[in-house]
Amino acid sequence: MVRFLGALVGLFFAGMLLLSFLWGAVAYVSAPPAETVEHAFHEHPKKVAWSFNGPLGHYDRAQLQRGFQVYTEVCSACHSLHQVAFRSLGDLGYSEAEVKAIAKARQVPDVDPKTGEAATRPGIPADKFPLVYPNDVAARAANNNAIPPDLSLMAKARHDGANYIYSLLTGYQSQPAELLKKFPDAKTGEGLHYNPYFANLNLAMAPPLSAEGQVTYGEGQPKPTVDQMAQDVSAFLMWTAEPKMEARKSTGVAVIVFLLIATVLAYMSYQNIWANKEH
Amino acid sequence: MSFPWAEHYTPKHPLMKWMDEKLPLPRFVYNAVGGGYEVPRNLNYFWNFGVLAGLALTVQLVTGIILAMHYAANGAVAFDSVEHIMRDVNSGWLLRYAHANGASFFFIVVYIHIFRGLFFGSYKAPREMVWLLGIVIFLLMMATAFMGYVLPWGQMSFWGAQVITGLFAAIPVVGEPIQTWLLGGFAPGNAALNRFFSLHYLLPFVIAGVIILHIWALHIPGSSNPTGVEVKGPQDTVPFHPYYTAKDGFGVGVFFLIFALAVFFAPNAMGHPDNYIPANPMSTPAHIVPEWYFWPFYAILRAFTMDLTIPFTGIVLVPAKLLGVLAMFASILLLFFLPWIDTSPVRSGTYRPLFKKFFILLIVDVLILGYCGGAPAEEPWVMISQLAAAYYFAHFLIILPIIASFERPDPLPGSITEAVLAKSKHKTGETVAIAAE
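Sequences listed follow chains A and B, in order.
The first sequence begins at 1 in my numbering and counts up one residue at a time.
The second sequence begins at 280 in my numbering and counts up one residue at a time.
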C-alpha cells in the first residue's frame, strides 16, 4: 500500500515536471529568450596581484596608508565608513599621536554637555568614522537620488570584492557603439555613467578618480596615477572589510601545522591498534 | 542491548564502585561508546561520519553559545553587532567564521552520512527507527540553519526569511495568515528576528536530544556494516574502544584539517556577498538564493512552473507555487517511507548491481539539482532542474520498488569475517604475485 501510494505520488510529481519541461522547452525553442544588454556587455573584474592574495598574503602598510589618503581626499566626500573606529587605524602603521590627529580632524555627533542639545565635537580614537549624511533622504537629495553606500564592508559585499572595486574605479568609458547598435534602448540615462563592471552597466557615481596627481602622495611613494590610486584605495577597503585577515591567516598556518602533526599521530595510533586485526 | 560476548563493565577503584551503585553513568558510557559496545570489524571510512556529525554539532554549540554573548537580536543593531564581533571581540572573527562555516560542514558531513545510509541500506530492518530519527534530525537541522542565517540581518537574511516563510503563504485560504503568524508581522522585522534567535538557540539542544535517541535506537540492533550481513559471532566484531575511537580520532583530524582550511583561508567562499549588505526591505536583491545546502530543494521548489488545471476549462486546481512547495516538502518526507518502499532483502548496495547504477545516477542528479538551485531562475537551468527533479521523485517512488522486485543480487559473503578474510587473502595474493614477477 505504501509503495502503491508512493508510486502514485511519484508519477504525479514526475508527470507535472515533465509537462512543465515540455511546455518550457516548446516556449524556449519557439521564442528563445532575448539576450539582455547586461548579459552581453557586463564584464568580470580584472585580476590584480594583491599583496594580500594567497594563504600567506599580508597587507602592504604603505599601500593601505596611501589608500586611506585617497579615501579621505576623494571618497569620503560622499561615502561613510561607519563600521571602522579611528583607533583601528593604528593597524595601518600610524602612531598613537597620528591616530589622535586623524580623529580630531573629524567632527562626530554628540550631545552638548551643557544644554543637552545635539551637537558635534572633534573625534577621539574610540569614535567610529561619522556618517556623511544624517539619513538616506539627505543622501539622496545630495546625490541625484542615489544613496552612496557605506564602504566599510564593500570589499566583502561584492563578488571578488577588491578586484571589483579596482575594476569599477578604472572601468569608466563611453558606451560602445556596438552596444547602442544592438540595444538602441539601452542608452545611458541622464546623470548616469557607463561602466561595464557595474551590475546593470550604468551607475550614478561620476568617475571619482579622473586625473593623475589628484592625490599627492608622500615622498618615496609611487606616482599617483589613476590606476595606482584605484589599487591603493581598493586595498584599503579590503582592510576595512577584513581588518583581522593577517591574524586569521597566521593563526591558520599554525593550526594547520598542529593538525597535520596530530592527524599523523592519530593515524599511527589507529594503525597500531588495528595491527593484528584484519578488517 | 548488546551482544552476549561484549565486555562487562567492572569498576575497580572503590570510588568507581561507589559511583556505580549510586549513578551508573560510567557504566552507561562504557556500554555506549566504550569497550562494552561491540561493532562490526569491517566498517569503512564512511562510518566515521556519524561521529563527525556529532562533532560538528558540538562545534556549533560551543561557538554559538559564545557568539550569543555578543550578538544583539534587534533589527536596528543586529548587523552592527555582528561586525562588532568581527572587529572588537577577542577572536570574534574566529568564532563567527567557525560558526558560519561549521554550519556548512555539518551539512557536508550529514549529507555523506545520509548517502552512506542510502547506499548500504542502513534504513532497512531492523534499523528503521534509526533512519526515521535521522530524518527528524535532518529536518531540525534545516530549520535551525535557516533561522541562523537570518540572524546577521543582511540582505540575504531578510529576503531569505521573506521567501521561506512565503512558502507557507502558498497554502490556500489560511496561507497568508500563517505567514503573518510565523513572522509576527507582515514582513520580516524585529518580531521575526527575535523569535528566530530564540528558536535558533533552542533547536540545537532538541537536535542533541534526538541524537541520543538516534544512537539509542542504533545500539539495540547494533551498527550496520558495508556487507550488510548481520553479525554472527564474536569473531565478527571488535569493541568500540579502542578500535573505533582510534579510527575516529584519525577521521576527526582529517575533518578538522579541511574545516580549518575553510575557516582560515576561505571563510566567505560558501557565503553570499549580499549578506554583507545590511537588510533593506526597500531593495530586493537580483537573485535571492538560500545557503548552498538548500539548493537541491530550492531547485525542486522552483521547478514547478505550470498550474494543475482541468484541461480546456482553465480552472486551476493547484497553482504552480503550491505544487512546488508540496513537492519540496515531499522530497524530504518521502525519505520517512524509504524502509517500506525499498523491499530488497539485500542491504548493501555493493551486492546490488542494478541498484548501484541508479544510486550513482541519484548522486549526479542531486548535484545537478544543487547547481540549478544556486543558479538564477532562468533557462536553461529551469528546464534542467525539471528533468532532474522528475528523476529524483522517480528514483525513490518508482524505480526503487521496481528494481527491488526483479533485481538479481550478487552472492553475499557468509559472514563479516569471511568477507574480511577473503579481501585480505586477495590483497596478499596480489603482493605474492608481484613479488614472484
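Where hints are given, some of them may not hold.
[Stated by the list, open to error] Here are the computed distance ranges between Cβ atoms for each label pair: (1) P655(B) x P125(A): 21 to 27 Å; (2) H363(B) x A34(A): 44 to 50 Å; (3) G220(A) x T563(B): 47 to 53 Å; (4) I391(B) x A177(A): 49 to 55 Å; (5) T188(A) x S562(B): 47 to 53 Å; (6) G333(B) x A62(A): 35 to 41 Å; (7) E38(A) x I494(B): 39 to 45 Å; (8) L22(A) x S370(B): 44 to 50 Å; (9) N469(B) x P109(A): 23 to 29 Å; (10) I261(A) x S370(B): 49 to 55 Å; (11) N272(A) x P655(B): 50 to 56 Å; (12) V341(B) x P134(A): 54 to 60 Å; (13) P134(A) x P655(B): 34 to 40 Å; (14) S370(B) x V111(A): 18 to 24 Å.
Keep in mind that the hints were calculated from the coordinates and are not lab data.
Cβ coordinates follow ideal geometry from the N, Cα and C atoms, glycine included.
Taking the hints in turn, this is what the structure says about them:
The given range of 21 to 27 Å is broken by P655(B) and P125(A), whose C-beta atoms sit roughly 45 Å from each other. The hint said 44 to 50 Å for the Cβ distance between H363(B) and A34(A), and at roughly 47 Å that hint holds. The beta-carbon spacing between G220(A) and T563(B), approximately 48 Å, falls within the hinted interval of 47 to 53 Å. Between I391(B) and A177(A) the beta carbons are some 54 Å apart, a value that agrees with the proposed interval 49 to 55 Å.
For the hinted restraint 47 to 53 Å between T188(A) and S562(B), the CB-CB distance of approximately 21 Å leaves it violated. Between G333(B) and A62(A) the Cβ separation comes to about 48 Å, which falls outside the hinted range of 35 to 41 Å. The supplied range of 39 to 45 Å is broken by E38(A) and I494(B), whose beta-carbon atoms lie about 52 Å from each other. About 55 Å separates the C-beta atoms of L22(A) and S370(B), a value inconsistent with the hinted range of 44 to 50 Å.
Take N469(B) and P109(A): their Cβ atoms lie about 24 Å apart, and the range 23 to 29 Å holds. Taken as a hint, the range 49 to 55 Å is violated for the pair I261(A) and S370(B), whose Cβ atoms sit roughly 22 Å apart. One distance hint, 50 to 56 Å for the beta-carbon pair N272(A) and P655(B), holds here, with the actual separation near 53 Å. Checked against the hint of 54 to 60 Å, the pair V341(B) and P134(A) fails, with Cβ atoms roughly 42 Å apart.
One distance hint, 34 to 40 Å for the beta-carbon pair P134(A) and P655(B), holds here, with the actual separation near 37 Å. In this structure the hint that S370(B) and V111(A) lie 18 to 24 Å apart at CB is violated, the actual value being about 34 Å.
Figure legend: structure checked against the earlier numbered hints; hints not met, in rising order: 1, 5, 6, 7, 8, 10, 12 and 14.
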